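**Student:** Residue-level listing of the chains:
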Amino acid sequence: MPKDSGIGASPKRREDVRFLTGNGNYTDDINAHGQAYVHFLRSDIAHGTLNSVDTTAAAAMPGVVRIFTAADFEGVGGVPCGWEITDRHGNAMQEPKHPVLAEGKVRHVGEPIAAVIAESLEQARDAAEAIELDIEELPAVVDMKAAVAEGSVKVHDDLTSNLCYDWGFVEENREAVNQAFQDAAHVTSLELVNNRLVANPMEPRVAIGEYNRSTDDSKLYTTSQNPHVIRLLMGAFVLGIPEHKLQVVSPDVGGGFGTKIFHYAEEAFCTFAAKACNRPVKWTSSRSEAFMSDAHGRDHVTKIELALDADNNFTALRTDTYANMGAYLSTFAPSVPTWLHGTLMAGNYKTPLIYVNVKAVFTNTVPVDAYRGAGRPEATFQLERVVDKAARELGVDPIALRRQNFITEFPYATPVAVEYDTGDYHATMDKLTEIADLSGFDARRKASVANGKLRGLGVNCYIEACGIAPSNLVGQLGARAGLYESATVRVNATGGLVVMTGSHSHGQGHETSFPQVIADMIGIDEGMIEIVHGDTSKVPMGMGTYGSRSLAVGGSAMVRATEKIIAKAKKIAAHLMEAADADIELKDGEFSVAGTDKSVAWGDVTLAAYVPHNYPLEDIEPGLEETAFYDPANFTYPSGAYACEVEVDPDTGKVSIERFSAADDFGNIVNPMIVDGQVHGGIGQGIGQALLEGCVYDEDGQLLSASFMDYAMPRADDVPFYSVDHSCQTPCTHNPLGVKGCGEAGAIGSPPSVVNAVVDALQSAGKTDVTHIDMPLSPGRIWAALNS
Amino acid sequence: MYNFEFEKPSTVADAVAALAGDEAQALGGGQTLIPTMKQRLASPSKLVSLSGITEMQGVQREGASLTIGGAVSHADVAAQATDYPALAEMAGHIGDPAVRNRGTIGGSLANNDPSADYPAAALASAATVVTNAREIAADDYFQGMFDTALEDGEIITGVKFLVPQAANYQKFVQPASRFALVGVFVAKHADGVRVAVTGASEEGVFRWSEAEAALDADFSADAIAGLTLDPSGMIGDLHGTKEYRAHLVGVMTKRAVAAAD
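Sequences listed follow chains A and B, in order.
Take 1 as the starting number for the first sequence in this note's numbering and just add one per residue.
Take 789 as the starting number for the second sequence in this note's numbering and just add one per residue.
Simulated from the structure, these hints should not be mistaken for laboratory data.
Predicted, not measured: the structure shown is a model, and the values here were computed from it.
Glycine is no exception: its CB is placed at the ideal position from the N, C-alpha and C atoms.
Do not rely on the hints blindly, as some may be mistaken.
[To be verified] Here are the computed lysine-lysine pairs in the DSSO-like style, where the Cα-Cα straight-line distance is at most 27 Å: (1) A:K453 x B:K1030; (2) B:K948 x A:K767; (3) A:K767 x A:K3; (4) A:K654 x B:K1030.
[Claimed, not checked] Covered stretches of chain A (chain B as the covering partner; in silico rule of three or more C-beta atoms under 8 Å from a C-beta of chain B): (5) 692-701; (6) 704-714; (7) 768-780.
Please model the entire structure based on the sequences and the hints provided.
**Tutor:** Next comes the structure, spelled out in structure tokens:
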């Protein structure tokens, strides 16, 4: 019987009531008394020397409050980077200053040069048009390999080159890996591009700065996935405001997908300008601005090689990747192609030797950072493509080749520095075989061919690392932050409780799923539990939501705090029932004394905690509120197997996804409906990357795909009904809930199966020379491949 | 968006008078003009809405022709042009419901976007563009991307379509905008076949005369199987090369012929 409440149940999402009735409270819904409006004058040139910014005429325009340029930010810090990478020679990465407003040069289209604050947005825009810019255009560098070639134009004149770092992992394995390739019976090699993407959350970014002159307090409303992180980065590194004088609020946020993790110049600007102007200032990104100022995602160019022995066992893997950083280092940009990518290159396979080389490169493009999956989709895509190609070259079944090389014993220490605690890759592949009806494929292919279409089947596996992360480990790897999470559980006198969690919800459904956990632990109704998040003045501390970490890390902190609550409540109950603490049991919201018929209700105990007339005051304090910080012992390792079936129209090259099946192992599951939704959304974004989305610059650094007229987002009719299963469950061994995380799996696991399927379809038509097509698999590209 | 004056006349004569001033601009459904103004890429000093002019409304059959008022929305054409099913079908697949409910045939033809659908329909149907001043044959009306025979201040009051014996429009959409990457409207008239292509050419909508000649001789998809189009004048961009567009013209033409009824 499906449960109707608690862990494992699928209650409808309580937050959807306000979202679906237009009662959400998004940042742009907030209007402060007396607020002025910000318009950023952004560069329409990719690279140039900023000789002068003359604001004289603009400042005299109607309604202008003040115009800011870089000159106003002297003594103010740059936008910081939160992760330092050490290169393969032991040197720190090159880290350029990232000014709030362009200083001396412009380095990408969309970089803010000046900011106009006016009484209305239209007045601010009018005045921005009156600013006179003298920019001497310089040649732009967009292509990564050209950027690191000898004699390239430099994005940053004060750096030695456009190479941010040259990272080797595991550097000590390099020679052994090369030797294994010498000794290999077969080597499969593949060069591919992981296409640059724009996240495009439905809600564009918004920032509102406020300043209170009587208290000297600053406040920022922002569309962030992690307001505490913004408070720390902006307060400590940019503006010099201590945490106790700075409040950051992220109310309802309409999707993040990674691009709202980062600290952006616009946030620092609004906070700074509110104080400088002594009035609230508001900036709302237009969609056009979002395309050229939100951090982009992916953008890797990779050569991957797989070595196999004569029995088709994987013996070594070697990759050579160029990763685009854009013009500046966004908050976590350096970590994405390194620790979030290299450590996943073992995938689901017991390849004994792996070497990953990544060259991170500065170009005259928008900064690139984490986007749903962040490094793991890039790792999965190249690995699952090269394994598929190897199977074709060797004439073996791609599923059989995968199964032969699966890791089967856990815990498993990979040669790329991580230890998988649990998993069962054969089980998810078995489940996939069933739900995807792989045995029926041949018949479906015949039917497609009879209809003039090509049909292809693509399968892939994935492994990802979620629940980021043990703080001491990531500290060694260069993170400039801890990656624990905190939760405070405040029980009220009448028994209801509030959880203040550092995990931020911007679509994930925490307000529904988190109470399910506590309801089960205490045995009370979920409706008695409220989740508070997104405000640094209400939640003690938080590292935020990304990397599918909320339940695994934030949920674990909540469990730990609740355990403290229960332990204290049991002491109170023991006192009330004149029994020993150890004899108290809690079940269905009732405390009882083991072996007796004595009991007191949850509400009796909570009331006693706040009205301590009959209370063990000599032993414990009144009140019932506990905080826990949870620092995970390891990452979690969700895994799965995906299958995609496509039809290709040979006349036009158009791909239609006919079936898509996903068998995931997320460990234990709290709300299956929400998990389904997360997987559906992730697959939708993965299909978007595979078939539709491509962020394209021309050689002058102009963004060609700068609007939805040219950047193709997946629509409902681009995707099929999915077959999703998460009944294979190997619980995580090191967090209290046994959960692994599901937010990114779909986006990580789906692109390779789509491309594998299309290649299969083309090969079925005799195009055996077509072994790869770069994403997005647009009709034009497929037609070209069919006619190559 | 910059400030502008706004007028909403109720007669064509008043609209013509209102448009006489400098930088006045006629406003149909606003599905192109309003976003352009919001981007500050257009700054007319005055907008003259044509949506209140009764004489520019309505879909009427007159003998062999179907006359559609210049201010009729795509949705109304889809619903009311039942005497010309291929045209109604085409109108029902322009943009999305919002675009179809606001956008007008006159606005689309006056704008002459190189990827719009109506130019192909008008050209293949040997339509006559009726303005406040004159009648212009479709063959004379389209003069290149975003360029038409309209004079400043001239208003499309209606479009007369010659209802063909058989017709069909095939659109292969650009995946982002869902405008036509290539759209081909084939119309078989008593005096010959007309094949009009949108989305493909750097010169905007055009007639594929080789295909027309082949189809005049034999109105079947096989008749054009051997024909190819020179890619040199085609649009090449991030959504498709010149060669791909030239190829698609052939594919869509064949499909339109096969589906024509």
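**Student:** Hint by hint, note whether the structure agrees.
**Tutor:** For each hint, the structure was consulted:
no.: 1; hint: A:K453 x B:K1030; result: holds (24 Å)
no.: 2; hint: B:K948 x A:K767; result: violated (49 Å)
no.: 3; hint: A:K767 x A:K3; result: violated (51 Å)
no.: 4; hint: A:K654 x B:K1030; result: holds (17 Å)
no.: 5; hint: 692-701; result: holds (count 3)
no.: 6; hint: 704-714; result: holds (count 8)
no.: 7; hint: 768-780; result: holds (count 3)
Violated hints, listed in ascending order, are 2, 3; each of the other numbered hints is respected by the structure.
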